[in-house]
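Colleague: Residue numbers (my numbering), protein chains in the order written: chain A, 263 to 678; chain B, 11 to 190.
Just so you know, these hints were derived from the structure itself, not from any lab.
Backbone N, C-alpha and C define an ideal beta-carbon position, used for all residues, glycine too.
Be aware that a few hints might be false.
Claimed, not checked - Chain A is nowhere near these chain B residues, computed Cβ spacing over 10 Å in every case:
no.	residue
1	112
2	157
3	159
As the list claims (entries may be wrong) - No more than 27 Å apart at the CA atoms, straight line, and that leaves these computed lysine-lysine pairs for BS3-like:
no.	chain 1	residue 1	chain 2	residue 2
4	A	545	B	64
5	B	19	A	545
6	A	453	A	290
To be verified - Beta-carbon label-pair distances, calculated as ranges:
no.	chain 1	residue 1	chain 2	residue 2	range
7	B	83	A	643	38 to 48 Å
8	A	661	B	124	44 to 54 Å
9	A	270	B	83	42 to 52 Å
10	B	189	A	599	49 to 59 Å
11	B	124	A	523	35 to 45 Å
12	A	386	B	81	21 to 31 Å
13	B	189	A	436	33 to 43 Å
14	B	141	A	650	32 to 42 Å
15	A	605	B	158	46 to 56 Å
16	B	189	A	387	52 to 62 Å
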Amino acid sequence: MRLLKFLLRYFPPGIALEYTQGGDVKTKMIDLLDLSAKTDVKALAESIRVSEPMITESVMDQLVETLEKLQNKVCDSGAKRYYKYKTLQTHLLPLTNIAFDKLGKRCLTGSYDRTCKVWDIDSGTELLTLEGHKNVVYAVSFNNPTSDKIVTGSFDKTAKVWCSQTGHCLVSMWGHDAEVVVARFSPTQSKIATGSMDATAKIFHLGSGQELGTLKGHTAEVIALHYNNDGNQIITGSFDGTISIWDTRTFQRSSVLIGHREEISNCLYNFDCTLVGSSSMDKTAKVWDTRTDKCLITIHGHDDEVLDLNFDNNGKKLATVSSDTTARVWDVSTNFKQLAIMEGHREEVSKVCFSPNGHHLLTSSLDRTARLWSLESGCCIQTLGGHTDDVFSCAFSYAGDTVITASKDNTCMIWR
Amino acid sequence: MGLLSILRKLRSNPDKELRLLLLGLDNAGKTTILKSLASEDVTQVTPTQGFNIKSVQSEGFKLNVWDIGGARKIRPYWRNYFENTDVLIYVVDSADIKRLEETGQELSELLLEDKLRAVPLLVYANKQDLGQAVTAAEIAEGLGLHNIKDRDWQIQSCIATEGKGVKEGLEWACKSIKKK
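One chain only, chain A, in its complex shape (with noise of 0.2 Å):
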């Protein structure tokens, strides 16, 4: 075995050792959750060393020098100002979902007019215009870090595959007996998983577009999904008030985590999917242990319906939002402590994320305004204002230097 070079993960914080061994060339991750402003990086560099015998001593300078780089993006907790950049404002009808390819160089935004869109970030151009559904566009995702393809779930009870550079649709994935709310590309295998108000959800082969399986037992419809990172799993959120825990080469359920009163409105993985969190309509938010399936904590707090949550990219804090109006921050690594709440919002709060180095907080709120907190005081930072209805969606590119809203007015802004 012999290294070749360091690669650097931003979000989360990692390494990657380039090698090679009998020929091939090999990336081994070393995850670095817990870097921070403190950490001393020489000391992290020599433990790094004790338990990696590829890194010898002649390469620890460049070690160094490498998390050095790593510590100084990651940890720069300085506020950016974001300006409104481009309207986007050839939609139709409303907005619904919003996603960033991998670089942030275009996003996608579907809608109430039956079509997605693909636009370029810097010149706010529309790029494509993804035409085929017969309903309202909800669930728009690109299969990152390629980026080469997008799907898209739609009332119209199908989802479809599409090329991201021509815009042709690949495939057509039939069977749902009511409208794809959620669809995902699996992490590592060429499948499509989909979620559907007809209670199942449904496992496809993305290149043929066959049914591959269907996860059945849910009572109610099933409004989130997620992967784990190997593809081998899946959990879903419904409205019966469960999440499930699926095996994707059996179609099987091998688990259901049972304890919220009512509606689940969002369930997801943390970064190394050892939890999963849950938000419900019974005002709760819940985390639980993927190996014990037990529920670690039942967060209360919020004074309504809990509508979205959000884990930080290592995965150590959990972010509530709730129709009480504010925003809510839970340490999940060791105490569940409220850390922060954020209070400023007018109406409810639809949908909250991190930015990339978890240092702030982004909201969307039918207040017609989305805001940008600071973890550390809970203050609001700045106030995207602009809108003139709900703001449906947010989210930050990978690198965090945009910004993408969605509204009801039927345009997407772009902040940078």
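Knowing the structure of chain A, use the given hints to seat chain B on it.
Modeller: Just chain B now, with coordinates in the frame of chain A:
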């Protein structure tokens, strides 16, 4: 209303929760009727570029009323909203005599839609306060309502800006559902 609440309102709802679809040409007064039903201020209404949803209680039912923009270019998208409709409400501007034929054409197309088959129809003859307004009976005649045999229907004259006649129409809607 966030995307999630749209999904919640999309559900084929259990008993006592109904889905009413409010359609009609642009400027017929759909949004004003919606706001009047919800007892909201009706002085500031702008053309609907998409849709509005409000929940109203009536006769022991929870009514989720979907108000869809009526501009010509967005009418082809009305069918996005047909699924699970319990009552179709069609709003006509009684003073816009020039477009009576156009509104009749749109309505007859709606009545042919498979997803709206046998769905009770309530027609609001709105803007009865305007001088040139024709009566509800004349609107019914113009729309050919008497030829409808495949569903319950009712015409209700109203003045949405003053809230007159709006509640009465809704009461009929609830009764027609109870009959089913």
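Colleague: Next, verify each hint and record whether it holds.
Modeller: Evaluated hints:
no. : hint                       : result
1   : 112                        : holds (20 Å)
2   : 157                        : holds (30 Å)
3   : 159                        : holds (30 Å)
4   : 545/A to 64/B              : holds (22 Å)
5   : 19/B to 545/A              : holds (19 Å)
6   : 453/A to 290/A             : holds (25 Å)
7   : 83/B to 643/A: 38 to 48 Å  : holds (40 Å)
8   : 661/A to 124/B: 44 to 54 Å : holds (49 Å)
9   : 270/A to 83/B: 42 to 52 Å  : holds (49 Å)
10  : 189/B to 599/A: 49 to 59 Å : holds (56 Å)
11  : 124/B to 523/A: 35 to 45 Å : holds (38 Å)
12  : 386/A to 81/B: 21 to 31 Å  : holds (25 Å)
13  : 189/B to 436/A: 33 to 43 Å : holds (37 Å)
14  : 141/B to 650/A: 32 to 42 Å : holds (34 Å)
15  : 605/A to 158/B: 46 to 56 Å : holds (54 Å)
16  : 189/B to 387/A: 52 to 62 Å : holds (54 Å)
When held up to the earlier numbered hints, the structure conflicts with none and fits them all.
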